[in-house]
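Protein chains: 2
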Amino acid sequence: MRPPYTLVSSAMRLIRPSIRRLTSIAYPGSEFMSYMNNKATSINKALDGFVPLCNNSVPLWEPILEVRKAMRYTLLSGGKRLRPMLCLVASELVGGQESTAMPSACAVEMIHASSLILDDLPCMDDDSLRRGKPTNHKVFGEKTAILAANSLMSLAVKQTSASTSLGVPSERVLWAVEEMARAVGMEGLVAGQAADLAGGSMSFENKDDELRHLELIHIHKTAVLVEAAAVVGGIMGGGSDEEIEKLRRYARCVGLMYQVVDDVLDETKSSEELGKTAGKDLITGKLTYPKLMGVENAREYAKRLNREAQEHLQGFNSDRVAPLVSLADYIVKRQN
Amino acid sequence: MRPPYTLVSSAMRLIRPSIRRLTSIAYPGSEFMSYMNNKATSINKALDGFVPLCNNSVPLWEPILEVRKAMRYTLLSGGKRLRPMLCLVASELVGGQESTAMPSACAVEMIHASSLILDDLPCMDDDSLRRGKPTNHKVFGEKTAILAANSLMSLAVKQTSASTSLGVPSERVLWAVEEMARAVGMEGLVAGQAADLAGGSMSFENKDDELRHLELIHIHKTAVLVEAAAVVGGIMGGGSDEEIEKLRRYARCVGLMYQVVDDVLDETKSSEELGKTAGKDLITGKLTYPKLMGVENAREYAKRLNREAQEHLQGFNSDRVAPLVSLADYIVKRQN
Numbered sequence: 097m098r099p100p101y102t103l104v105s106s107a108m109r110l111i112r113p114s115i116r117r118l119t120s121i122a123y124p125g126s127e128f129m130s131y132m133n134n135k136a137t138s139i140n141k142a143l144d145g146f147v148p149l150c151n152n153s154v155p156l157w158e159p160i161l162e163v164r165k166a167m168r169y170t171l172l173s174g175g176k177r178l179r180p181m182l183c184l185v186a187s188e189l190v191g192g193q194e195s196t197a198m199p200s201a202c203a204v205e206m207i208h209a210s211s212l213i214l215d216d217l218p219c220m221d222d223d224s225l226r227r228g229k230p231t232n233h234k235v236f237g238e239k240t241a242i243l244a245a246n247s248l249m250s251l252a253v254k255q256t257s258a259s260t261s262l263g264v265p266s267e268r269v270l271w272a273v274e275e276m277a278r279a280v281g282m283e284g285l286v287a288g289q290a291a292d293l294a295g296g297s298m299s300f301e302n303k304d305d306e307l308r309h310l311e312l313i314h315i316h317k318t319a320v321l322v323e324a325a326a327v328v329g330g331i332m333g334g335g336s337d338e339e340i341e342k343l344r345r346y347a348r349c350v351g352l353m354y355q356v357v358d359d360v361l362d363e364t365k366s367s368e369e370l371g372k373t374a375g376k377d378l379i380t381g382k383l384t385y386p387k388l389m390g391v392e393n394a395r396e397y398a399k400r401l402n403r404e405a406q407e408h409l410q411g412f413n414s415d416r417v418a419p420l421v422s423l424a425d426y427i428v429k430r431q432n
Numbered sequence: 097m098r099p100p101y102t103l104v105s106s107a108m109r110l111i112r113p114s115i116r117r118l119t120s121i122a123y124p125g126s127e128f129m130s131y132m133n134n135k136a137t138s139i140n141k142a143l144d145g146f147v148p149l150c151n152n153s154v155p156l157w158e159p160i161l162e163v164r165k166a167m168r169y170t171l172l173s174g175g176k177r178l179r180p181m182l183c184l185v186a187s188e189l190v191g192g193q194e195s196t197a198m199p200s201a202c203a204v205e206m207i208h209a210s211s212l213i214l215d216d217l218p219c220m221d222d223d224s225l226r227r228g229k230p231t232n233h234k235v236f237g238e239k240t241a242i243l244a245a246n247s248l249m250s251l252a253v254k255q256t257s258a259s260t261s262l263g264v265p266s267e268r269v270l271w272a273v274e275e276m277a278r279a280v281g282m283e284g285l286v287a288g289q290a291a292d293l294a295g296g297s298m299s300f301e302n303k304d305d306e307l308r309h310l311e312l313i314h315i316h317k318t319a320v321l322v323e324a325a326a327v328v329g330g331i332m333g334g335g336s337d338e339e340i341e342k343l344r345r346y347a348r349c350v351g352l353m354y355q356v357v358d359d360v361l362d363e364t365k366s367s368e369e370l371g372k373t374a375g376k377d378l379i380t381g382k383l384t385y386p387k388l389m390g391v392e393n394a395r396e397y398a399k400r401l402n403r404e405a406q407e408h409l410q411g412f413n414s415d416r417v418a419p420l421v422s423l424a425d426y427i428v429k430r431q432n
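Residue numbers (the working numbering), protein chains in the order written: chain S, 97 to 432; chain E, 97 to 432.
In case anyone wonders, no lab produced these hints; they're calculated from the structure.
Some hints could be false.
Any copy, or any two copies together, can satisfy a pair, since identical chains are not distinguished.
[As the list claims (entries may be wrong)] Simulated pairs of lysine-lysine, DSS-like, Cα-Cα distance not exceeding 27 Å:
1) LYS229 - LYS429
2) LYS382 - LYS234
3) LYS141 - LYS387
4) LYS382 - LYS165
Please put together the full structure from these sequences, using the hints given.
Structural data, given as structure tokens:
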């Protein structure tokens with residue numbers, strides 16, 4: 097049910113040119129943007145409700161009020177909501193309701209927000225700009241930022257666990273919690289961040305080794321949580337093992353693709369266009385896809401990952417699968 | 097099932113002098129120490145196995161090896177193992193097996209270790225000595241310390257979730273996960289640490305207000321996780337709602353008592369005797385029980401909490417309850 101992470105690039109070699117394209121069944125552009133905006137509005141509303149600043153009109157205990165403000169600052173600061181959206185769409189694809197998957201979709205976004213706060217810390221990436229605003233620790237200080245990150249993580253587990261009250265069987269909820277825990281720890285975000293930070297001090301025999309290392313970073317740092325989002329959606333929606341496995345493979349490709357596109361944008365766009373410090377990878381000497389294979393090849397690689405992602409969706413009802421096809425297309429074409 | 101936190105000191109006013117003492121049924125001292133040592137040995141062995149440095153004889157991916165070493169450094173650095181021990185004893189009290197409760201007992205200790213790593217960071221308590229050794233970030237650096245703390249937290253959730261394979265029903269495992277998530281976040285450790293760090297900048301109208309604030313800090317920073325340990329043990333052991341509620345109330349008193357004793361030791365013992373920086377509360381101007389009520393009154397308060405803790409154990413089988421009675425006695429008398 098839960099295979100070890102395989103290298104997507106090795107899998108890429110097996111892709112035949114005759115791969116059946118599914119992009120023809122994607123939503124028309126404007127319809128998809130409206131679909132996305134509706135979903136994002138529901139997600140933002142739900143996220144807002146999960147971290148209130150008062151409790152039944154009673155103001156919160158002063159020390160935790162500041163932590164809550166810090167949680168809200170990053171959680172509600174925009175962002176594309178890719179992960180919770182993917183979670184909701186995956187759930188609906190297998191026949192689930194939006195309301196049932198919403199708490200865990202929001203939980204995945206909380207985990208993402210938590211990881212952004214920690215990644216930006218002075219001892220990590222030392223970043224001062226995120227989504228066009230000062231980073232969390234720049235506004236609230238390091239200690240409150242770390243406490244907010246921890247709170248978001250525990251709130252994610254708490255909200256997901258509470259999904260039994262929406263009628264999801266305990267076995268499924270527990271499975272979703274396990275997927276999230278795995279995505280956060282040494283098999284996911286922690287490994288990705290550790291490898292990312294260690295990159296500069298590691299030596300590689302050749303470019304293939306470097307590429308393999310970079311892919312491992314991105315699979316762990318980005319793709320694992322994107323994968324968890326889709327898988328958790330499939331679990332909450334009541335999907336079969338086979339359906340959930342397809343969603344997992346689709347999302348792993350999409351997650352890696354997201355990061356390849358991110359690397360390209362970092363090198364080709366300005367800070368204003370991105371809403372974060374551009375060109376930083378180049379300055380800090382981090383490994384990136386454009387650096388290892390050139391901008392054009394990196395763009396081509398993202399397109400190949402999009403095709404592979406869509407291949408994993410074969411067998412699903414073509415009407416229902418349209419949002420996932422469009423979502424992958426949107427990511428590969430995004431400009432910020 | 098899960099009452100709001102009441103102030104133990106308010107509850108204290110209601111305690112009548114006629115309270116029935118249970119200390120007569122405690123283990124004899126030497127028998128209890130041997131019982132404790134056996135439990136600690138099992139716990140240490142289990143903890144060691146949960147964070148291996150290689151995977152089926154295959155060395156780990158280099159970047160996460162360092163994170164694992166940091167996890168092990170704090171997790172396996174001794175400590176009294178109070179929380180996992182309490183979890184195991186609570187489980188056995190309600191008829192459970194040690195082997196069934198062990199993963200979640202270890203999970204509670206992982207959460208505790210994670211919180212110690214974060215509390216010691218320069219932006220938090222800025223401590224350099226813990227259990228007689230340099231703190232985690234002093235040895236591994238801040239970024240690895242933070243990643244190790246996160247990994248320990250996610251491993252705790254993962255190990256607890258896996259308890260279904262030991263025959264614990266999913267509903268109970270999920271309940272245990274929820275208890276842990278609550279103990280970590282804004283209703284627990286995060287609130288305690290935020291309030292602790294804010295203490296210096298807050299103003300109080302009188303000593304009663306200060307005492308109330310101090311109690312809220314300690315209930316959240318210490319008692320909540322001690323409570324979670326006992327409650328999780330009760331859940332995993334198959335206890336009834338009533339039994340689990342008694343364990344909760346017992347452990348909340350024990351947790352607060354632990355902290356009152358800690359405050360007294362900080363003021364009356366040397367760094368060598370404690371294995372951590374002594375007298376630090378005094379230097380940093382932190383609120384403590386000895387500071388607010390004097391050393392002797394604080395000692396007396398700890399004894400009263402011990403009596404109240406034991407009162408909550410009434411109704412349990414007196415043979416089985418002996419370890420919990422002895423554990424509370426041990427904590428109130430501890431010298432480091």
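Now for the hints, and whether the structure bears them out:
1. LYS229 - LYS429: Classified as within: same-chain Cα gap 24 Å, cross-chain 52 Å, threshold 27 Å.
2. LYS382 - LYS234: Classified as both: same-chain Cα gap 23 Å, cross-chain 26 Å, threshold 27 Å.
3. LYS141 - LYS387: neither (39 Å within a copy, 46 Å between copies)
4. LYS382 - LYS165: Result: close only across copies, 24 Å inter versus 32 Å intra.
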